[in-house]
Every structure is written in structure tokens, then in C-alpha cells.
Amino acid sequence: MIALLRSRPAACALAIGVACILLFLPLTLSRFGNYMLAMWAVMTIAAMGLNLTLGYAGQVSLAQGAFVGIGAYATAIMTVNGWPLYAPLLLTVALCFAIGWLLGYPALRVQHHYLAFVTLSFATLAYLVFRNEEWLTKGTYGIFGIPRPTLFGVSLKHHLNFYYFSLAWLVICAGLMLWLVNSPWGRAFTALRENPARAQSLGVDTRRYTLMAFAIGSTMGGVAGVLYAPLVEFIDPNPFGLPLSFSLLLMVIVGGSGYFLGPALGALIAVLLPEWLRDYTQGYYLIAYALLVMVLLIYSPSGILGWVERRTADARTRRASLARQAAVPTYDAGSAS
Amino acid sequence: MSTFSTLIVGGLATGAIYAVVAIGFALLWQASQTINFAQGEFVMLPAFFALIAMGMGAPYWLAALVTIGMSVVILGAMFKQMLVDPMIKHGVLPMAIATMALAIFMKESVKDLYSAEAYPFPSLVPDRNLAILGANISLQHIGIIVTAIGAIIGLTLLLERTSIGRQMQATAQNPTVARLLGIPVERMILLTFVINAVLVSIASLLVTPIYLAKFSSGETLGLAAFIAAIIGGFNQLRGAIIGGFLLGVVDNLAAAYISTQYRSAVPLFILIAVILFRPHGIAGRKEERTV
Amino acid sequence: MSEPVLALENVTAGYGRMTILNGTTFSVPRGGITTVIGPNGAGKSTVFKTIFGMLPARAGRIGFEGRDITNLPPRDLLAAGICYIPQGRNIFPQLSVRHNIELGAVTAARRLDDLPRRIERAFERFPALREKASVQASTLSGGQQKQLEIARGLLLDPKLILIDEPSIGLSPKLVQETFAALQELRAAGVTILLIEQNARSALEISDHALVLELGQARIFGPAKEILHDPRVAELFLGGLAHD
Amino acid sequence: QAQVKIACVSELSGPGATVGINFRNGANLAIDEINAAGGLLGQKIEMNCADSQTNPGVARGLVQKALDANPYAVLGPVYSGSIKVTAQLTSESGVTNVIGGEAAELTQMGLKTLIRTSFGQQISMPKLAAYMADDLKAKNVAVIWVNNDFGKGGRDGITKELKARGVTISADISTEAAQVDFAADVAKLKQAEVDAVFIYLHEEESARILKEIQKQGIKKPLIGETTLLNQKVIELAGDAANGVRGHVGLTADAPIPSIEAYRHKFMAKYNYVPDHNSMKGYLGIYTIKAGTQKMGKLDPKGLTAALKGLSVKAADEPGMLMDVSIDQNGDLDRIGFLAEVQNGTTVITKTLPALKP
Amino acid sequence: MTKVLEIHGIKKHFGGIRAVDGVSFDVNKGEILGLIGPNGCGKSTLFNAVLGQLEPTAGRVMLDGHDITGMRPARLSRLGVSRTFQLLQVFPEMSVRENLILAGQEHRGTMVSRLFGPRDAGLGEAADRMIAFFKMSHLAGEKAGGLSYGQQKLLDAAMAFMAGPRLVLLDEPAGGVNLTMLGALKERLRAINSELGATFVVIEHNMEFVMSLCQRVVVMAEGRVLAIGTPAEIRANPAVIDAYLGH
Ligand SMILES: Nc1ncnc2c1ncn2[C@@H]1O[C@H](COP(=O)(O)OP(=O)(O)OP(=O)(O)O)[C@@H](O)[C@H]1O
Ligand SMILES: Nc1ncnc2c1ncn2[C@@H]1O[C@H](COP(=O)(O)OP(=O)(O)OP(=O)(O)O)[C@@H](O)[C@H]1O
Ligand SMILES: [Mg+2]
Ligand SMILES: [Mg+2]
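Residue numbers (the numbering used here), protein chains in the order written: chain A, 154 to 490; chain B, 2 to 292; chain C, 466 to 708; chain D, -16 to 340; chain E, 7 to 253.
Be aware that one or more of the hints could be misleading.
[As the list claims (entries may be wrong)] Among the chain A residues that face chain C by a calculated CB cut under 8 angstroms, a handful are:
1) T470
2) R472
3) S474
[As the list claims (entries may be wrong)] Computed list of chain A residues with no C-beta within reach of chain D, every gap over 12 angstroms:
4) R262
5) T293
6) L439
Since the hints were made in silico from the structure, they are not lab data. Note that the Cβ used here is the ideal one computed from N, Cα and C, for glycine as well.
Given the sequences, and given the hints that come with them, work out the whole structure.
As C-alpha cells, then:
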């Protein structure tokens, strides 16, 4: 990782810059600003999970929002009853991994829009359970008074503290994800996306990788939920309906599906852009937002990072062009000898 | 017993609405391999064209013509030119997301620029009821069923029996080769979207008297129609009507005999079952040989 | 020698920023079979794609019968009498075989009233297709798909045929059949530009040969001569012929 | 000129958009009037309304943002789910929060700064239950409700009150927001032999179910609360709405001169018929005005205290439309109405007096 | 002679179409076996039915004496069975080098050990050697989808060699490959055959390639075996000439 950065000074400078912004910008922001930044971190975690499932492994999922909901409900229910935060965290990881794994099974049979709709069905079902099983979830009334935890004696009640807490989680999740996609697993996931039949014939256990992609991606969604509940301090079923899943999908695609940093950029657009637009366009901010998303996609259908890559690819192409000219003995060279 | 037949007939009637919209989905897929998540809003919007026209004093028939014309221009040509063209080469997902954004755009625009209220809408077919099998069914619904069946027959004939139709399919299945054979790819795609626009505007005129003209009325409709299209078979137009009917009836029976709280889950279970056991839908055909 | 049918002058083209053809220049004489040979990745297919308007030529000029056809769309080129049968798999998978073939005639739809007869003739050449006429094209075997493409490509009466490795996937018997068909067309005055890795057989039926390497035309000459050039044989034909 | 900043957070998009936009429009109308008349204690009121997207998480952020700017008071949201999270924040900061929500428990959570603009369900439901049990002599009642926090609250409220009066609920039918086809629900209704039907849905759904009830030929008393008797429902349902009765806490159709004037002004500004949610917004602003005038100064910290225990006569403050008093929890007491739809208009059949006139 | 692969009465029907209609033959350990036949006679379908890509309608397949009928391709691959497909099947968005590493990685260690192991699964060098052998070093970092047809075909074959297989089934590896490179392919194939003792079954329409490489040739026609024999016998078989070779 370090070596990687050293080899590219520009990337290194960029990384330091981003780190500085993430660390110090919040100090200058209002409570609301910090709340939105924390929301960005939480949504980035969820979108990163979906990026694994969709961007790397190519399995369309419209259920990511449901996993955020599962994590959030587990956290709300347990912490309101006095459990410390790590308890729902462990439960969520186990639960979302297991459910994600099961949700992967349909993907073994169907793909693309069919798979999208199977997962969409699951998301709807999860929403209905959140809403209807009042004994557990308090139904439409929701659960309020979700406590923010105390960490090493520091209360996270304060907005800035909770932001740093979310950021720390984002860094942990991103680190794990980076390691995962850079391991041979990452290559296998990509192979699964690009040509499952060929991957299978090369010994890639597509079943297991598909299920893993779902399970790990879903778990990240759950972890985001664990942070979401204490962040908002209240949950009801509505935020975990289909629009959340759609919005997470939007983050992945707009940021750049299959690019490691895509979800962070996508979440920037989906979470922070509308808030920013509010101040300039007032009531019309959603119109402006939708318009911007469309323009962005029209301009670069492969997302922001897809566009960046195309830019940086130029230099590489030029190098490759040269390499070609220098390759293999040619008729000319032969006849000259 | 009369309850039961009420449910069935009522379900068929609702199903026909889903079917009319689902045909558009299937058509777009078959003829351009695109998925339009704003299809529900495409049905919502023309009603407002009509309301505006009528608000300016146009009689119904004129408003209807204006509506179709506006739809062809805005939902057909402009949609294709501005959103579909740049994205069609980049696979289904960016396009799907862009149409989701378009859905938000259309909803919010209508809401902010026209009104957030629901409006009654005049009906093409008189608002009268007919007793069938001991159940009351409105003439409006019969109109919709007839339209759905008519649209399916017409479009199926177009796609399967005419050279234009096959050129449209060819364009969708392999645009590069289509271009190379001299098929006017651009025109075929445009044609697809224009047909879809006509279809949604007619659907809008038929459905809005029942659904009411409201900025948000496309949401559930779009989703239901999409599910109907998948259940029926995405790559077969007639699948849309089968899927629509099935969805409508099942929805009603589920609400009546299972749980009202979980009613919206039942069609989804059917969807899952159909997808898992007949992945290409009830009427659909397998897409192609893979190895 | 008569004036060339097709002439490329300093054509530059490539994919994105990658330049593959860098000042490619050659011309094809009228009414013969010209075979293009060269190593894999030399840019042979790229030349065809550029001629046929599938890739933009960034510089240079492509002339057909004295007319500038640089960067014209395929539709216009078809109308001008050029047809192109590309490499790889180029079918409409969910349409039937017959419909796939018929689509080869869309540009001529109105003036072609003998379409059924033409299709019948294609079926005579490739009987397997007749048997499969009404099945979905994707279920065909690899070689049958290639037959379908060739049949579709030869449906009209072109003046110039660009055909990219027709022999891939075809059984020896059908390769002979295909080459025979090309010879028939030549006899009818059609100019044929053929890319073949199955170069020995191809050169045997050809009049001219073009060696393409690194996107540039290296040698152009009579087919027989090139077939027996030891240097060419060593570099591009896998060594000298054994016989 | 100094300005009074009122922060508004409302449901301008998402499922609650119609409700929230009405609320905002009503509030804006009130502000225009007050500003035109010289402002609040001589200062202009300025209000920006932020869109909560009907999402409590977003609402929370926006209220946070509003509080960061130290507003004079916070208006909204309307949906009870959102209020539950935002009210925590306003309560912590001590800023008065005038809300549009009707869920019973909002004012019972110990949050100090909430003030309602309409009856809580704990006030309206007993009146309705009494009407059904005593006036209609219903023994069996069907309850049809929309399964969200609005409908669920009403359903739970009426169920409790009806049971307390010995009425059985023999059909308890949950419907979805934005539902279109009510054939199954009405068929269920038909099978349940009930004496009356209580309908608690949003406007469009109310209209659709009324049409379906007419179609399936059910001739039972149809009872509702405020929404069902809304002019919009009547417009949408046509003659299927005739005969519908119920309790109306707040209605723009009331034959009271001040309300008629309100309706007129609203239509002049927005070009459509106002509903009760717009009145909530309108009253919300005037409630703030009334409290301020009682204090005689612009003191955000003192506003809540000034409002609690306040009684205003419409004669003194025409903007309040009706006489109203606010109790220590922030709940209201004022007149209500029993109404019936006759020939396409809501006719007030009885005016229910305030509890403590 | 030991048999690596035994094919017993394999049938594969699609509705009414009998693509493979009862094919039986054995593949001996260490041999290079050619499989030829007219277009559409069922060669590719036979491969697919034998290798678990399609479920056979009837028949059994034995690998080293164990029944492997219908076994999933991934497991077969890890048992040392490699293959290529007739249509180009590379991973277009991955680089040439990544394609090759992927082709080998699943044969190293377990899923868990790979997760904790090196990024290239220890295959980087082997991949580079393979690339150099097929004269594609200048293309190593390029996306496989941007290669020319013949280059992709070579890459596809190279991928089949990456795992150190015991049995390799190639479906038309030579189509579109330049004759000079074809020599290299042949050489590599022979080397793997003799050094590793790997067995090959090769479908090919290039007679020169088949006849110079294979010890035995199976001829199929209309879903059945028409003849089995040495290249010389096959070349002289009138039925084969009539159905397939022509002239
Ligand atoms: N779609 C593409 N994108 C990027 N580069 C490409 C693309 N297609 C071909 N190339 C590059 O262009 C060069 C020439 O390719 P081309 O297909 O013209 O070769 P060819 O001579 O036809 O080879 P073959 O005999 O293998 O078919 C190759 O080096 C290849 O890498
Ligand atoms: N999925 C399918 N559905 C219907 N028919 C099929 C299917 N797959 C293959 N076939 C038919 O089975 C026959 C055998 O096909 P196969 O691909 O095995 O031929 P092949 O021997 O490999 O031919 P080639 O040399 O042309 O590749 C063909 O006639 C083909 O049309
Ligand atoms: Mg080529
Ligand atoms: Mg084959």
C-alpha cells in the first residue's frame, strides 16, 4: 500500500489531502454539517458492501437497504434494552452474513434484472417485517431514544465524537475491503462478473464466491445499520424501504461501479449533494439533484471514476502503443539482416 | 361465491392496468435492451399534459391528441436522444439508474411546477358498471383490458411479422452487427421509444380516471408493472398480459384470504417462485445457448 | 493492370487513443481475390473495420472506384456495393436462422424481389442452414453460425467483398465449398479481399497477396510469389511448405 | 429591519408530500398576512421550509441544521414518526416546536417544547367512538386503516375507545399507502356483518375505497375522522362520498366566517381548495404570534412557557380562526364538528363544544 | 494402457434434436487425441456434456475410473481437467496477465489460504513465462478484450495450460491463429504432454494440425462416432472423406 503510494506521488498527495479534509474539516462545521458527514461515512460503508457484490462480483442486489435496516433494528432493540453496542454489532455481522449468504442462492440460478427483482422482493419483505412485527420492532411507531455509546470513557453523544467514531469505522471497513479486493479473491470476484462460465471451467467455485460476495457485501450493509441507529437516535421502517436500496445502487453506479473509491464518491453525491443544493435551489433541490445525476451519467456512464480512469488511461495507451512498435521481429528487420 | 368472483374479476381489471404498462417494459427490452425505471412516471405525466390542455380550454379529444403528441416528443424522442443514446452502449445498469433519476425529476417537477394534489380525470369510457359473473366491473376496466390485448396483438405482429419489427429486434440484440448490415439503428431505436411513448400516453388516458392524476401515482404502478413483466416473461410481449392478470388476481386473493398486512409480500413470493423455477418467466423463452 | 477498386492512402486509425494503423497504404486491383496475411494482431481486421466505417479513420483517404468513401457509414457502403463479413460471432442470437439471413438484405429490401430465391441458393450451398432455418440462431454450432454469416454476407450482389477469416470453425469440406463460392464470385467479376490464417489454401486460390504487419502494408504481389517467398514463409506461414 | 426567523421542516417530498406541502402553504399564507400587517411585534417573519423527504433521519438532520441557526421557533414536521426524533432535539435546545402531528403519545413523552396545531388522537377518537356507540348504536364495527404511522395511530386509538364502550371490532383491515385497488378490502368488509365502517386513510385512498364501496353496493354508515370528510375526497370520489359522516377536528369547510375567509384567501393565493393540513400550518404561525404577543417580546426561551396555558379568542386574534386553549402538555382544546357529506358538500351537522369552554 | 477418461454412451438431446446420440470412446493416459467431424455433428456438445457444462441426457463419464457424470466444472477443474471453449472466452476487462493468474490460482491452496496469501497467488512468474512463450510480453498489461482474435485464442489456450492440468480438452484452439504461432502452440502442447504427462483431447478443423499432432483421431458424424483410428487410417477412410474431408 505504502509502496503503491510512493510510486504515484500525485495519488499520495491526494490521499493525504483527503485525510486532512476528513480529519479537520469537521472541526469547522456546525452540528448539522457533522451529522451529514457522519451520514456520509455510514452510507459509504453500506455502498462499499454493495460495490463488492455488484461492482466486483457483478451480482445485482436491490436488498442492501434491507441489511442496513437489519443492522439498525438489531442495534436499536438491543441498545435500548441496555446492551452495549458491540453486542448488536456481533449479532448483525453474524445475521447479515447468514442472510446474505442465503440471499445469494437465487443468484446461482438467475442473473441481471431477474436477480434484481428477487433481491427487491427480499427488501420489501424485510420492510414488511420491520413494519408489521410490532412485538419486536414497535412497527410504524418506531423505536426512539437509541443511546449513543461511550467509548474508552468518551461519550459519543457529542456530534463531533460520533463523526470520528463513524469515520473510524469507515476506515476499518475500507481497509478490510481493500485487502479483500486485492487478494486473489478480488480477482475471482471479477472473473465471476465477467464470464462466470469460463471462471467455473478454470476451477473458480462460482457458487461459493457468489454466496461470499453476497454475504460479505450484506454484512457491510449491516455494519452501516449498526452505526445508523445511534446516529439518528430513532428508527422506523420507512428509511429502510426500497428507496434506500435504490439510492445505494445509485451511489455505486454514479461513483463508479467496480472502483474501490467509487462508493465514497457516490455517497458524496447522494448524501451531501442534495443538502448542498438545498441552499441554492430551495424547493427545487431534488429536481436539480436528479438532473445532475442524469447529466453525470450522460457524461460518463461508467461513473465518476470511470471518467477519471479514461483520462489517466491516455498515458498508458501511449506507452502501450510504443511497446507494440518495438515488439517481435518484422519482415523489414529480417530483410535488412 | 360472489365475493370470490368479485375478487377475480376485480383482479383481472387491475391486472389489465399492470399489463398495459408492462407491455412497454417488454417492448423496450425486446427492441432496445433497455430498462426504464421511470415507466410508471411515464404513465403519470401524460395525464398532466391533458390536464394542462383542458385547463386551457381544449375539449377532451383535442387534449388527448395533444397528450399523445407531447408524449411522443418528450417521452419518446427527447428521452431517447438525451438519455438513452449516451448510455445504451454501457449496459443496463447506468441506464437503469439514470431512469431512476429521471423518475425523481418527473415526479418532483410535476409536484413543484403543477401541484402536489390529486386531480380527478375525465374518462374516455363512461364510468358505468357492468355485472359479470355476479361481480360488478366497470366499463373503464373493460376498456383497459381491450386496449391491453389489442396492443399486445398489434405489437407482436409488428415485431414478429414485419421486417421493421425484426430490424428492431436485431438492433437490440446486436447493434454493431445491425449497423454493419445497414439497418438504420438510430431510427429503429427511435421508433421503439416513440411506440412506447404512444403506449404510455394511451395507458395514461385510460388509467388516470382510476388512479387519479397525481405526481406520485407512477411509483406503485411502475413497480407492479415491472413485476408483471418479469413474471410473465420479459422477452415476450404476451407475457406482460399473463403476468399482469396473475399479479392482479393474486394480489386480490392474498388480501382477502391471507393477511392484509403482508399482502404486498404475496406477489413477490410468486415472483420468486416463477423466477426460480422458470427463470425466463411464464411465457418467456430461454434467452440463448450459453456454451 | 486496371485501375484499383479500393485504395488506401496513408490511413491512420485505432481504438481510443491507441493507434493501430499508422499510415497504411495499399490498393486492391479489380476483379480478383486478394489475400491479406500477417501475424496475429497485425491490424488486418482493423483495416477492414476502418474501410467499412466501423472505426473512424483519423487521417488518410480510402477510395472505392475512384470515389472517396472515408468514414462513410456502413449503410452507404452497402449501397455503393461493398459488403463485409467480419471475424468472430456476428449473429442475432434470438432471431431465427432465416430471419438472420434475410436481414442481410435490408439495404436492398425494395429492389430485391427475388430474395426467396437468393436465400434458397444460400441454402443449397450450406444445406445445414436449411435444416435449421426456423430455429433460434444461438443454438447453432460454431461452424453453422459461420455458415450463416457467410450466407448472409453473400446475399446481395456486391462489387467488393471484405471477408475476414471465413475458414475459422468450418470443416475442411465447407472451407473448400466457401473458397469455391469465392472463386465463382470472382468469375462473375466481383473483387474479393480476404483475410486468412489458413494462408496456404487461401493463397492457392488467390491472385494477389498482401502482407500486413504492425499496421502497415509490407509487401504486395502475386499470390504465388508470396507463397513461395522463404522469408514470408518463415515469419508468417509457419516455415516452408513440406511438399 | 430585524427579522424573526422561524424554521420549518416539513414533508415536501416522499409519501407525505401532499400533507407537508399543504402544511407549508398554510404557514406561508399566515406569514404573508402577518408581514403585510406590520410583522410580529414590528419585525418581519422569515421562514424557510426544508424538505424532510418524509424520512425521520433526514428530518433529524434538518432540525439540527435549523437549530444551529438559532431560530425563534420550529414549525413541523407533520408526520408523527419524524416528530418523535426531531422533538428530542428541539426539546433539548429549549426552542418551541409547533407540530402538525396527531399521534397521541407525542405530548406524553415528557418533551417540554411541543405545541400542537390540531387535536391529538387521544381527543378526537373518544368523540368518534362515543358517536358510533351512542348515536349509531353500533355493536360491530369494521376498521379500515392505512398501514403507516398515521393510520396505525388512528386504528389503535379508535380500537381502544370502541372496546372501552363495549363495541366489537369484527373486521380489522390494513391497507397500503398509495393503494389503488380496494376490491379485496371491500369484499372483506362485505362479508363482515358490521353496523358501521370506520375509515382512516389518506385522501386519494379514501376516495378510491368510497368508490369501491359504492360499486360493491355496501350500505353501511361510513364514519371517518377529518380526512374522510375532506373536500378533496369528495371531489375525487364524486357521489360515492355522499352519506359519509364523522368527526372533523379542523376543516376548511366549516360554516364559520373566519374559516370561510381563510378558505377564500388560500384559494386566492394557491388556486386550490385547502385541506386541514394547510390549516395546521396556518394556525401554527398564528399560535406563535399569539404566544409572542402574550409575552410582549421576542424571547425564544420564553415562548413555550407563554404558549402553555394560553387561551385565545378568535375575536381577539382572527388568525386563530376558532377559540382555542393550550394545556400544559401542548395539547389543544377547541370546538370540533360532526359532519356529513350531502350532495357533494360537507355539511356540519353539529358543533361539538370545547371540553373546557 | 491406462484410461484417463472413459465416455460411455453419452447422449444429449435438445427437445427433438439429438445433438449427441450415444457416443462412447476412451482416452488413454498421455495421448493426444483428435476429435473431428462435420459442423454441427455434436463435438462441442459432447465436450460440454462430459465436462458438466450441460447435463447429459444419458450416459456416464469416468475420470481415472471414478464416475464424474454431471460433476460441476469447478470441481472437475480442480481434479486437473482443463478446457477451452469454441467461442472466445477470456475475461475482457482483466489484463492478459491477470487472466493467466486467475486461470491457475484456484488450484493453489484453499480459499482461506489464498485470502491470506500473496496477491498473485505465487503465479506471477509462471504467468510471465507463459506470456513470453506466446510472444505477448508487450501485451501483458493490456485488457484481454482488446486483443485481436488470434491473440485471444492463444490466451484462451494458455489459460488452459496454467493450472498444470492432467487432462486438457481443447475446442478448436487453432482457428484464427497465425501459422507461425500455431507452431509454438503445438510445441507447448507437446511439451506439456511429455513433461507433465498430460493427456489432450483436441477438437480441430485444421487437418494439418490434427494429423501432425494426434496419435489417434475420433471422427464424429450426426451425433455418433463414425470412426476411430490413427491419422493415416482416418485420412484414408472413404466415409470420413465423404462426410468431412472432401475432395
Ligand atoms: N476492440 C479493441 N480495443 C483495443 N485494441 C484492439 C481492439 N481490437 C483490436 N485491438 C488491437 O489492435 C491490434 C490489431 O488487431 P486486429 O484485430 O486488427 O488484428 P488482426 O491482424 O486481425 O489479428 P488476428 O489475426 O488475430 O485476427 C491488436 O494488437 C489488438 O490488440
Ligand atoms: N442449446 C441447443 N439447443 C438446440 N440445439 C442445439 C443446442 N446446442 C447445440 N445444438 C445443436 O446440436 C448440434 C451439435 O452442435 P455442436 O455445437 O456440438 O456442433 P459441433 O460438432 O461442435 O460443430 P462445429 O464444428 O460447427 O463447432 C447442432 O446441430 C446444434 O444446432
Ligand atoms: Mg483479425
Ligand atoms: Mg463446436
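Results for each hint:
Using the Cβ-Cβ criterion of 8 angstroms, the hint placing T470(A) at the interface with chain C is satisfied: the shortest such distance is roughly 4 angstroms. Hint status for R472(A): violated, given a least beta-carbon distance of 10 angstroms to chain C, over 8 angstroms. Interface hint at S474(A): satisfied, since its Cβ lies 6 angstroms from the closest Cβ of chain C, which is below the 8 angstroms cut-off. Look at R262(A): its CB is around 30 angstroms from the nearest CB on chain D, clear of 12 angstroms, so calling it non-interface holds up.
Separation of T293(A) from chain D is inadequate, the least Cβ-Cβ distance of about 4 angstroms not exceeding the 12 angstroms criterion. With a minimum CB-CB distance of about 6 angstroms to chain D, L439(A) fails to clear the 12 angstroms threshold, and the non-interface call is violated.
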